[in-house]
Amino acid sequence: MCLAKEISQITRFYDSVDGFINAFGFLYGQKRPNEKEGDYHMSFSNDHFKLENSNPTDTIKVATFLRNKQYKPNENIKKELYYVCEFKWQPYKKIKEYKNSEDITYEGPETIETSHLLFWIYWDDDFSCWQRGPAFACRNASSHQEAGNWMMNEITSEGSEAHDSDYFKNGILEVIK
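The sequence shown begins at 682 in our numbering and counts up by one.
Hint data in this document are derived by calculation from the structure and do not stem from the laboratory.
It is possible that some hints are incorrect.
[Said to hold, decoys possible] Computed list of lysine-lysine pairs in PhoX-like fashion (alpha-carbon distance at most 20 Å, straight line):
hint, residue 1, residue 2
1, Lys850, Lys760
2, Lys858, Lys760
3, Lys731, Lys742
4, Lys759, Lys850
[Claimed, not checked] Per label pair, the in silico range of CB-to-CB distance:
hint, residue 1, residue 2, range
5, Pro772, Thr745, 14 to 24 Å
6, Tyr779, Lys712, 36 to 46 Å
7, Thr745, Glu788, 44 to 54 Å
8, Ile741, Glu842, 30 to 40 Å
9, Glu842, Ser809, 31 to 41 Å
10, Gln751, Tyr695, 31 to 41 Å
11, Ile793, Glu839, 25 to 35 Å
12, Asp784, Glu756, 55 to 65 Å
13, Asp696, Gln826, 22 to 32 Å
14, Pro754, Thr692, 33 to 43 Å
Predicted, not measured: the structure shown is a model, and the values here were computed from it.
Ideal Cβ placement from N, Cα and C applies to all residues, glycine included.
Full structure from sequences and hints, please.
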């Protein structure tokens with residue numbers, strides 16, 4: 682009996698913001714940080730660890746980037762950190778029969794899909810704080826590392842919601858293998 686290894690066909694997830702909301706939904710059930718500390722996705726701390734400590738538990742770091750080009754005089758540039766985690770979501774299902782908003786029949790079984798999110802923690806010099814935001818999301822990766830490699834390749838060659846493709850030409854990108 683011969684078992685062929687299944688090759689995954691990674692594709693872009695339709696919207697990294699939706700992936701970000703799904704991945705970090707657990708934070709919104711926690712006590713909101715006070716205003717002096719920041720928010721769920723920003724921190725006025727001098728380092729990024731406060732945000733990093735609130736990442737989803739399955740998160741892995743996949744890259745760092747140190748920009749060497751200032752966008753304004755006296756800009757404080759700090760290393761950006763890129764991470765991957767998974768998120769679960771329910772794909773849209775085709776409606777079989779619609780009687781009213783409370784009586785809808787869908788086609789097929791209910792499914793939950795697991796996809797991957799690439800997000801980054803970066804220094805926002807305008808507000809003097811660390812922020813966390815979505816960068817890219819994908820479907821059908823077999824692991825966090827495979828997803829991270831694929832998404833980093835995509836954003837450095839094609840760009841993303843967070844950066845255009847030329848962004849990484851102005852600094853040192855270290856992809857963690």
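Glutamate 842 and isoleucine 741 - C-beta distance against the hinted 30 to 40 Å: Hint violated: Cβ distance 21 Å, outside 30 to 40 Å.
Status of the given 33 to 43 Å range, CB of threonine 692 versus CB of proline 754: Since the Cβ atoms of proline 754 and threonine 692 sit about 42 Å apart, the hinted range of 33 to 43 Å holds.
Range hint 36 to 46 Å (beta carbons of tyrosine 779 and lysine 712) holds or violated: 41 Å, holds
Isoleucine 793 paired with glutamate 839, Cβ distance criterion 25 to 35 Å: 28 Å, holds
Supplied distance hint 14 to 24 Å, evaluated on CB atoms of proline 772 and threonine 745: 33 Å Cβ-Cβ, so the 14 to 24 Å window is violated.
Restraint status (C-alpha distance of lysine 858 to lysine 760 at most 20 Å): 18 Å, holds
Glutamate 756 and aspartate 784 - C-beta distance against the hinted 55 to 65 Å: Since aspartate 784 and glutamate 756 have Cβ atoms about 57 Å apart, the given range 55 to 65 Å holds.
Holds or violated: lysine 759 to lysine 850, with C-alpha atoms at most 20 Å apart: Answer holds: lysine 759 to lysine 850 is near 16 Å, not above 20 Å.
Outcome for the supplied range 22 to 32 Å, where the beta carbon pair is aspartate 696 and glutamine 826: 23 Å, holds
Hint consistency between lysine 850 and lysine 760 [alpha-carbon to alpha-carbon, up to 20 Å]: 15 Å, holds
C-beta pair glutamine 751, tyrosine 695: status relative to the range 31 to 41 Å that was hinted: Between glutamine 751 and tyrosine 695, where Cβ atoms are some 34 Å apart, the hint holds.
Agreement of lysine 731 and lysine 742 with the hint, judged by alpha carbon distance not exceeding 20 Å: 15 Å, holds
Checked against the numbered hints given earlier, the structure breaks hints 5, 8 and 9 and satisfies all the rest.
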